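Q: Could you put together the complete structure from these sequences and hints?
First to last, the protein sequences are chains G, P, C and E.
As numbered in the numbering used here, residues 1 to 207 make up the first sequence, in order.
As numbered in the numbering used here, residues 208 to 414 make up the second sequence, in order.
As numbered in the numbering used here, residues 415 to 621 make up the third sequence, in order.
As numbered in the numbering used here, residues 622 to 828 make up the fourth sequence, in order.
Keep in mind the hints are simulated off the structure, nothing from the lab.
Values in this document were obtained by computation on a predicted structure and should not be read as measured data.
Heads up, the beta-carbon is just placed ideally off N, CA and C, and yes, glycines get one too.
Careful: at least some of the hints might be erroneous.
[To be verified] If you want a taste of the chain E side facing chain C, the calculated C-beta under 7 angstroms gives, among others:
#1 Gln760
#2 Thr774
#3 Leu824
There are 4 protein chains.
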Amino acid sequence: MYPKSIQKLIDIFSKFPTVGPRTAARFVFYLMKRDKEEVDELIRAIQDLKKNVKLCQFCFNPFESTPPGYVGELCEICSDKTRDKSLLCIVEKETDLISLEKTKKYQGLYFILGGAISKLRKKDIKKLRIERLKERIKQHPEIKEIIVATNPTTEGEATALYLERVLKTLVAAQGKKITRLGRGLPMGGELEYADEKTLKEALESRK
Amino acid sequence: MYPKSIQKLIDIFSKFPTVGPRTAARFVFYLMKRDKEEVDELIRAIQDLKKNVKLCQFCFNPFESTPPGYVGELCEICSDKTRDKSLLCIVEKETDLISLEKTKKYQGLYFILGGAISKLRKKDIKKLRIERLKERIKQHPEIKEIIVATNPTTEGEATALYLERVLKTLVAAQGKKITRLGRGLPMGGELEYADEKTLKEALESRK
Amino acid sequence: MYPKSIQKLIDIFSKFPTVGPRTAARFVFYLMKRDKEEVDELIRAIQDLKKNVKLCQFCFNPFESTPPGYVGELCEICSDKTRDKSLLCIVEKETDLISLEKTKKYQGLYFILGGAISKLRKKDIKKLRIERLKERIKQHPEIKEIIVATNPTTEGEATALYLERVLKTLVAAQGKKITRLGRGLPMGGELEYADEKTLKEALESRK
Amino acid sequence: MYPKSIQKLIDIFSKFPTVGPRTAARFVFYLMKRDKEEVDELIRAIQDLKKNVKLCQFCFNPFESTPPGYVGELCEICSDKTRDKSLLCIVEKETDLISLEKTKKYQGLYFILGGAISKLRKKDIKKLRIERLKERIKQHPEIKEIIVATNPTTEGEATALYLERVLKTLVAAQGKKITRLGRGLPMGGELEYADEKTLKEALESRK
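A: Below you can see the structure in the form of structure tokens.
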């Protein structure tokens, strides 16, 4: 129905997260109405993303290698000497790290796992950076506490249990401890609609 | 538009919580289609509710005065000798008590406050059972911990702060402590969408 | 969990349309807080509904037999001499009649079918007032147009097709015609989200 | 919080229709995980869109100038000799044209107005292709019917009324007529929830 060049771009945008064909079409018509400068700016921004942004060699957090000529391999957090190197917080993805940073409460380091798994299938597990995580823990005896901060969703819980299992001997050998984020009622939540497990933990962690 | 007897009942049902005029009309047409036995059963159930159900003289939890002839004034929880009398959990309303009971985690007593307040206006505060609560605390030195389990909503938080203020001297004098339910990520929650305060508390209460 | 008298009423309210157990519980707690006068008013309103409201012997619209002593069997619409007796509009239920009356556009009579059917199963068809409808049409030669105003939902469409089939010979014999409500875009609708059939009809019925 | 190159692209994506900063961030992380080939394909598709897609000189429908070397200025619909040149359908935007084409019911031509206006402010009106529309109508005496197919939303209705006003003399002089899409209940709609205006029109356009 649409001209080929339009359909092609609709198909590509449709693969973006949360985007269906109808929204993808709106993106394309939006772009068609932009003038050349704006479209060039978008293309340049995409190219810059791929050119300038690297993944941190410690935590896999994306960072920008600026100033030009900077040759470090660590992100701003990992290269910040004031951060507490004895804490390692494992998160599923980049935006979870951002959320925790915004609290200004956490001063340790991170490790971005690259997702969560719902079933313990080999091919799913292989997508996560489990081996890299083990390496980090082995090579950094200064880490004293590993905070497993996966989401309290089904996938996040399964991933946390898996991590606890595979890290157990490693952690025990080095006298480190593994912790989990506290559960409870979130701001705005209501007892009436809370699940039993959340309420149980809210009762236990009362203070 | 509707016949008077229909409109009258629509008006009454429209005052039920969550019910608007359209739903109220559906209730009325639903009742019109029920046969005499079913309608009589409803009327009897409403009458029995008012006749058989009393409010507990300690916690204001509704309870049934059965077996017939039972003259006690306490609900099943308050008259249960195995419950821990040193714990008093203050909830906003009956359904919050039910939610906490379902966890089977809490073995203390309750006090149903009768609502929550958003502003500290005298007439709002008067709707709550604050004076009764003070009496209970004064007359029951065996209470050692008061758990303020209002909802972590704006109203619930305001109510909790108000309670802490009015109970402070009373509680200090008797060596009791006041606690709050733990905050954190609920089951199914996601770090990405959690507010900063919830995340902060989840970090602090990690274990 | 709840006292028996509370649970009983929750069970009854849970059968009301759109009401689940949680909402039913809120209804019960709402009633518990009402004083005796209000509860008596509700009970009286329910009793009056069953006592005062009859179904119209022509169209099955509920109506109130007032003033007391009134012995007619027809609702206000059917007994209104100024209404156009040549038009008969078939609707699924009472609230559809009310919606059409509110437009003040329709001056004919109605017939409340009592529902819609999704499958042509005998026991479903028997729930509808098909035989009564045929009687009305046979006994009222003054009816010239039968407007099938079932909802344009799957069930409503199936019902309309069924009605057209069973009324065909009857209607043809008497020189009556059968019509359907016009299809098209509703107020607030958008071409982009409209289904093809609706758009087709909107194009055909342009004016 | 994000590196500059990431933030820049988040800012650009945030301007896309329906996209907020959170979704924009997900787009950027999605792109970061794509390999070079996929990103190059996206950039090429955006460039091709701007290079290959033109706006039809009659109806402003985007079309692709293929085969290469094709120098026409009309889209596939406008250059299709079998289409009925006596019908001109005015739509707000490209996706509305697509929706109408999908019905396979309409065989005339289109004119894409470029939006809808809620208030008759000069600067809003200037965004629409009103002057171009007048030119088309003047220069094409073969047009006999102008179908104003703006959305039945507040904006679409205001636009339709405005169009009828500015086209009146022009249309009267040439003996053309102006029509509107039919209103009524859409597929899946229900009488109970329909507004009065929609029901009125559904009654009037019954057939």
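Q: Confirm or reject each hint.
A: Structure-based check of each hint:
1. Gln760: Interface hint status for E:Gln760: violated (24 angstroms vs cutoff 7 angstroms).
2. Thr774: holds (6 angstroms)
3. Leu824: holds (5 angstroms)
Hint 1 alone, counting from the list given before, is not met by this structure.
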